[in-house]
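Protein chains in written order, with numbering that gives the first Met the number 0: chain E, 0 to 331; chain Y, 0 to 237; chain R, 0 to 414; chain W, 0 to 287.
It cannot be assumed that every hint is accurate.
Here are the in silico distance ranges between beta carbons for each label pair [as the list claims (entries may be wrong)]:
{"hint": "1", "chain 1": "E", "residue 1": "Asp112", "chain 2": "W", "residue 2": "Val77", "range": "28 to 38 Å"}
{"hint": "2", "chain 1": "E", "residue 1": "Ser142", "chain 2": "W", "residue 2": "Phe123", "range": "51 to 61 Å"}
{"hint": "3", "chain 1": "R", "residue 1": "Glu382", "chain 2": "W", "residue 2": "Val77", "range": "53 to 63 Å"}
{"hint": "4", "chain 1": "E", "residue 1": "Arg192", "chain 2": "Y", "residue 2": "Ala69", "range": "31 to 41 Å"}
{"hint": "5", "chain 1": "E", "residue 1": "Leu22", "chain 2": "R", "residue 2": "Asp33", "range": "23 to 33 Å"}
{"hint": "6", "chain 1": "E", "residue 1": "Leu320", "chain 2": "W", "residue 2": "Arg80", "range": "24 to 34 Å"}
{"hint": "7", "chain 1": "E", "residue 1": "Gly81", "chain 2": "R", "residue 2": "Asp397", "range": "23 to 33 Å"}
{"hint": "8", "chain 1": "E", "residue 1": "Asp136", "chain 2": "R", "residue 2": "Thr383", "range": "29 to 39 Å"}
{"hint": "9", "chain 1": "Y", "residue 1": "Ala69", "chain 2": "E", "residue 2": "Asp112", "range": "42 to 52 Å"}
{"hint": "10", "chain 1": "W", "residue 1": "Arg84", "chain 2": "E", "residue 2": "Arg192", "range": "32 to 42 Å"}
{"hint": "11", "chain 1": "R", "residue 1": "Thr383", "chain 2": "W", "residue 2": "Leu149", "range": "54 to 64 Å"}
{"hint": "12", "chain 1": "W", "residue 1": "Ala230", "chain 2": "R", "residue 2": "Lys222", "range": "45 to 55 Å"}
{"hint": "13", "chain 1": "E", "residue 1": "Trp138", "chain 2": "W", "residue 2": "Phe123", "range": "33 to 43 Å"}
{"hint": "14", "chain 1": "E", "residue 1": "Ala168", "chain 2": "R", "residue 2": "Glu337", "range": "21 to 31 Å"}
In silico DSS-like cross-links for lysine-lysine, where the CA-CA straight-line distance does not exceed 25 Å [said to hold, decoys possible]:
{"hint": "15", "chain 1": "R", "residue 1": "Lys340", "chain 2": "R", "residue 2": "Lys102"}
{"hint": "16", "chain 1": "R", "residue 1": "Lys168", "chain 2": "R", "residue 2": "Lys249"}
{"hint": "17", "chain 1": "R", "residue 1": "Lys354", "chain 2": "R", "residue 2": "Lys296"}
{"hint": "18", "chain 1": "R", "residue 1": "Lys406", "chain 2": "E", "residue 2": "Lys139"}
{"hint": "19", "chain 1": "R", "residue 1": "Lys189", "chain 2": "E", "residue 2": "Lys139"}
{"hint": "20", "chain 1": "R", "residue 1": "Lys164", "chain 2": "R", "residue 2": "Lys222"}
Treat the hints as calculated values from the structure; they're not laboratory data. No residue lacks a Cβ here, since even glycine has one placed at the ideal position from N, Cα and C.
For reference, the chains in residue letters:
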Amino acid sequence: MVGFRTGLQIGVALMAAVLAAVLLPRYLELFTLINATVFVSMGVLALSLGLIWGFGGILCFGQTAFFGLGGYTYAVASINFGDTTWAIPLALALPTAVAAALGYLMFYGRISDVYMGVITLTTTLILFKFANSTAGDQWKIGSSPLGGFNGIPGTPPLNVPFDPGTQLAPDQIFVIAVLCLGLCYAAAKLILRTRFGRVSVAIKENELRAELLGYDVRLHKMALFAVGGFMAGLGGILFANCVFVSPTMFSLSYAGQVIIWVLVGGIGTLAGPVIGCILIQTLTTYAGTLSMIDPNLLLGALFMLAVVAVPKGLLPTATNLLAKLARRGDES
Amino acid sequence: MTVLLSTDGLRMRFGGVVAVDGVTLAVNEGELRCLIGPNGAGKSTFFKCLTGQYKPTGGRIFWRGRDITALDPFAVARLGVGIKTQVPSLFDGLTAMEGVVLAVRRLHGEAEARRRAVRALERLEVGDLGNRRIGLLAHGQRQLVELAMVVAPEPDLIILDEPTAGMSAEETGRAADLIRELNREHAIVVVEHDMQFIRTIAHTVTVFHQGRVLMEDSAEIVFKDPRVRDVYLGKAVA
Amino acid sequence: MTLSRRDALNTVLFAAGSTLAAPAIMRHAALGADPIKVVGIHDASGGLDIYGQPMIACLDFAVDELNAAGGLLGRPIQLINYDPQSNIQLYTQFATQAATKDKAAVVHGGITSASREAIRPILRRFNTLFFYNTQYEGGVCDRNIFCTGSTPAQNVNKLVPYVQKHWGKNVYIVAADYNYGQITSKWITKYVREGGGQVLSVDFFPLDVTNFGPAISKIQAAKPDAVISALVGGAHISFYRQWAAAGLKKSIPIASTTFGGGNENILLSPEEGDGIVSAFSYFQEVDNPLNKAFLEKFHAKLGAKAPYLGGELGMRTYIGFNLWAEAVRRAKSIDRMEVIKALETGISLNTPAGKTTIDAKTHHTTLDVFVAGCTNQAFRALETFPQQPPLDTASVCDLAAHPNENKQYEVDVKI
Amino acid sequence: MDYAVVVALQIVSGVATLVIVSLGLAVVFGMMRVINLAHGEFLMLGGYTAILASGQGINRWLSILVLPPLVVGLIGAVVERVLIRRLYGRMVDTMLATWGLSLAFIGGVTMLFGNSVTGISAPFGSFGIGRFHVAGYDMFLVLASVVLSLIVWAVLKLTPAGLIARGTMQNAEMAAALGVSPERVYALTFAAGAALSGLAGGLIAPVSGVLPTMGTAYIAKAFITVITGGAAMLTGTLVASGLLGSVLTVFTFLTTPVFGEVALLVMAIVLLRLLPRGITGRFLRRAL
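I would like the entire structure built from these sequences, with the hints used as guidance.
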């Protein structure tokens with residue numbers, strides 16, 4: 000059974016996604032739409048970390064590992080198949096499986112907090128270094144060269160299932176991306192209502208108590224981590240569709256940004272990370288067009304300000320503020 | 000009477016220190032057993048071995064005759080063992096009701112789990128706290144909510160580690176009543192160093208000293224034994 | 000990034016609610032016509048800014064020069080500069096923006112081959128003319144792009160014989176680990192073998208490697224006659240520094256296809272940089288009247304903020320813009336196809352770097368090449384090769400015969 | 000034979016570099032449990048100090064060894080005062096804030112100095128081993144790593160200040176009751192860590208280039224080294240540097256620099272899987 004509140008949130012989110020998918024392509028210019036698709040794909044990535052960190056207590060410094068794996072698998076598979084239809088399930092399965100395997104390694108090894116951070120960070124860095132060093136001719140999977148530092152600029156966009164001749168246009172890909180984000184949000188909300196989701200939250204609250212109640216903490220964490228890997232992989236597929244895959248997807252700067260999106264948006268919420276992601280991405284892009292101030296300086300200053308001024312993240316702070324205002328409204 | 004939980008020559012060493020040194024012990028169904036001993040006698044280490052938090056370095060643990068040595072805590076719990084730790088271990092971000100529901104949700108569907116959770120909270124006389132956030136409760140209330148979580152799945156055996164730690168005299172009295180009440184339906188092992196408390200509830204008492212079992216007998220006999228007094232007063236035992 | 004006067008002006012105008020390329024517009028408000036939009040995409044920050052800064056400065060300079068002379072077709076040029084921050088994703092974003100939002104008449108940009116390959120398909124898809132003004136590994140065959148920099152047949156082909164003639168037959172190659180370094184090292188291998196020598200080994204380094212200690216020991220063990228470097232970016236400068244620190248400068252000389260392309264020679268001390276030999280189609284020190292006049296104007300305008308125009312990157316950007324402007328004048332239109340057709344007539348300009356002519360079949364250029372040695376942080380021409388055609392690309396690409404071709408050819412050499 | 004000696008020397012200098020770039024982070028993380036993501040930028044600032052100072056004609060040794068720790072230590076003290084102090088005990092927030100700080104430093108330095116700073120060349124020249132030449136400065140770095148480690152050890156173990164610092168980190172309330180101001184101790188420790196990072200930046204400036212973004216090349220490696228080392232910050236960092244640095248250099252020799260780094264990272268994962276509390280979580284637990 001889904002509670003009223005959750006149902007409402009899911010309803011609103013799906014409605015917003017559908018509205019955005021229907022309306023935005025009509026009113027936005029093509030370039031804005033393509034940029035928006037990039038942001039949305041990263042929003043899915045932010046959501047994945049928001050879920051496992053905010054609700055499972057798994058601080059993953061390397062969520063980009065699954066993002067990149069999803070993208071690369073999609074690119075390599077669709078170039079080899081000549082059709083994107085079967086590339087998608089493959090590109091979802093691989094990051095999920097890798098997340099499960101890595102989760103097995105960490106959680107069954109009882110590795111915790113900071114150490115887990117290092118292992119996940121290291122994983123994405125290994126993938127980064129590896130992908131970066133595949134510029135030579137010997138690095139080929141089937142008919143697809145891995146391209147090293149360049150990545151694979153020829154990543155094919157989605158085609159109509161089983162019809163490789165009909166590729167989707169950027170505005171259609173935008174619609175798909177927005178719907179994916181909406182569905183991921185709804186799925187995350189629903190997961191948190193199930194026993195599995197509630198136990199995961201309980202594990203975040205107190206691992207020992209959950210264990211003493213007979214729940215296999217390691218299995219739950221591994222499963223949640225795999226769900227996160229799945230979502231990040233989906234984000235990677237969407238990203239590959241509007242940009243193309245390159246080692247940057249695994250890079251330290253992306254890995255760090257995801258964490259910042261979640262923190263700025265509000266940890267312990269699902270919408271927060273998505274909002275944080277889109278805000279910061281917009282800002283980064285805007286900063287690149289400014290010539291009077293270094294973009295890094297601007298972003299850095301904003302992050303520091305955010306930590307000191309809105310330590311809980313934007314969404315929770317805004318919700319609290321609204322609640323306060325509403326209360327004041329009631330009183331008067 | 001069948002043996003529920005037993006150990007055979009259980010040992011636990013940390014580096015050069017042997018905290019539990021060959022403990023053999025058996026708890027029967029329906030029994031109320033107290034493990035006592037001064038600080039550092041090895042009780043808590045023994046408790047953590049029983050609950051799977053430590054993997055013993057020697058000896059074996061049996062549950063209804065089955066070897067369960069080195070099982071993980073969740074697997075121990077699934078056998079039907081309810082465990083309460085010394086420092087209350089709770090889900091501070093959840094409400095009391097949510098916490099207790101989760102305790103039974105492993106075994107039952109949602110509706111049934113809710114019914115049982117309500118019953119457990121009422122049984123511990125904290126039915127009115129269901130909607131409160133656990134993190135905001137007072138110390139005594141937290142102890143009771145934790146007990147509700149332990150009791151709710153109706154385990155065959157409850158293991159309590161120092162249940163009276165940090166309690167006032169009055170609260171300790173109530174805790175004693177509660178344990179006796181719970182003992183009507185569950186076997187209980189209480190790890191405790193407060194002799195007064197043990198006196199009010201005990202049937203069979205096992206005394207730990209320097210990682211070994213010093214003696215094991217009914218409460219009256221144990222408390223009269225000079226060796227036990229010496230242990231508590233810090234005299235060396237011959 | 001240093002705050003140039005232009006930036007300061009921008010700041011003021013920006014505050015007044017004007018657009019980014021305000022100076023150009025303001026000066027020509029009198030012309031009253033719609034400005035022609037030109038977009039520049041170069042890294043002004045991040046690890047590749049040592050190349051981006053001179054390119055941006057030269058593009059700014061070229062646009063201002065043209066506007067001061069009355070603009071094009073009676074319209075002023077509005078230059079929009081984007082800084083992709085050495086981030087490939089931002090390249091694609093800004094290229095999309097240039098094509099679909101700004102509707103730019105032409106995009107000048109891309110530094111690494113990685114960034115070029117990232118934006119080339121986008122600009123082609125959205126029918127936006129693209130100028131790539133960097134020395135690169137050659138082989139791009141696409142009617143929508145003009146590559147105005149030198150390619151291996153022009154630079155490597157001159158550098159390797161110099162090395163073999165003066166230093167010896169056998170070389171050791173160190174190269175940046177991406178398509179530029181990979182393909183360029185194949186070209187080096189090809190020319191070294193043609194010269195009767197051997198490539199003892201090729202080592203590739205990702206752009207962020209700074210510790211070359213082990214590589215330097217390996218090179219010593221291989222005992223080459225010379226080292227040829229195709230290293231790229233700020234981090235790789237450490238190689239030259241560590242090479243000098245190991246005291247190897249006297250025993251094994253270095254030649255490079257990239258050294259001096261940014262400001263490597265200025266970042267290094269004379270003891271570290273002296274004696275390194277490069278081949279480019281331009282050096283700031285090139286001695287001719289046009290270059291003298293150009294540098295005078297350039298320094299008069301930018302003053303102390305003028306970047307060092309090491310290798311050809313900045314100058315090629317200046318030339319690339321002027322080639323485009325000349326084509327617009329001849330076509331009397333900024334329409335993409337009209338301009339391409341005008342360029343394909345083989346437009347030729349006398350530039351500070353010597354005469355530069357568009358090669359219609361390949362969309363590359365015929366240009367002068369200099370082999371130059373670094374002395375006291377400056378380059379001195381050792382040999383000059385006038386009017387070198389882009390033979391490498393020409394051997395595989397003929398856009399006159401196959402106008403719809405769209406790929407990058409690679410030389411087929413086994414390393 | 001002489002090749003083997005050269006390889007061995009490279010391994011030692013690889014380890015030494017890792018020690019040098021990790022020590023500052025080890026002190027800040029080991030003592031205060033603060034993950035300073037701006038550590039790499041402290042190195043960068045140290046490098047810039049060295050280069051700017053020597054550009055002004057200041058003595059080379061003064062520019063490399065004295066000024067960077069002073070300047071960066073001072074910057075560290077300011078950062079602690081303005082930013083870190085508000086965030087003690089909030090590990091994740093500290094990370095976000097120091098990440099922001101790192102970006103701001105990169106941006107600020109880029110705006111101030113751009114990219115046209117002259118590097119300094121390494122002192123000492125080179126010496127020959129058989130057919131090979133080795134940079135003398137590499138050996139100086141090895142010596143510097145040993146001396147630095149000894150200094151850190153001696154300060155913490157032998158001086159009253161070190162004792163007070165360690166005591167405060169163990170139990171701030173107790174220290175306060177004994178009349179020590181924990182705030183001052185934290186501030187000084189952070190500044191000391193920053194100074195170490197600054198010195199490291201000055202030391203590596205002649206070998207690697209000095210660029211606004213140079214810190215990013217070191218932060219991940221330093222972070223991984225310190226964490227793999229475990230609770231005993233000095234011993235842990237030394238042992239981890241030894242293991243990881245050797246793996247890095249050996250694999251770089253056998254394959255390519257990329258696979259050298261991959262090997263380092265894989266080694267770190269394997270170590271953490273086997274020793275979930277870091278190396279000194281299992282061995283040498285009593286060490287400093």
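Hints, verified against the model:
no., hint, result
1, E:Asp112 x W:Val77: 28 to 38 Å, "holds (29 Å)"
2, E:Ser142 x W:Phe123: 51 to 61 Å, "holds (52 Å)"
3, R:Glu382 x W:Val77: 53 to 63 Å, "holds (54 Å)"
4, E:Arg192 x Y:Ala69: 31 to 41 Å, "holds (35 Å)"
5, E:Leu22 x R:Asp33: 23 to 33 Å, "holds (31 Å)"
6, E:Leu320 x W:Arg80: 24 to 34 Å, "holds (29 Å)"
7, E:Gly81 x R:Asp397: 23 to 33 Å, "holds (28 Å)"
8, E:Asp136 x R:Thr383: 29 to 39 Å, "holds (35 Å)"
9, Y:Ala69 x E:Asp112: 42 to 52 Å, "violated (25 Å)"
10, W:Arg84 x E:Arg192: 32 to 42 Å, "holds (41 Å)"
11, R:Thr383 x W:Leu149: 54 to 64 Å, "holds (58 Å)"
12, W:Ala230 x R:Lys222: 45 to 55 Å, "holds (48 Å)"
13, E:Trp138 x W:Phe123: 33 to 43 Å, "holds (40 Å)"
14, E:Ala168 x R:Glu337: 21 to 31 Å, "holds (28 Å)"
15, R:Lys340 x R:Lys102, "holds (20 Å)"
16, R:Lys168 x R:Lys249, "holds (17 Å)"
17, R:Lys354 x R:Lys296, "holds (20 Å)"
18, R:Lys406 x E:Lys139, "holds (18 Å)"
19, R:Lys189 x E:Lys139, "holds (23 Å)"
20, R:Lys164 x R:Lys222, "holds (18 Å)"
Figure legend: structure checked against the earlier numbered hints; the only hint not met is number 9.
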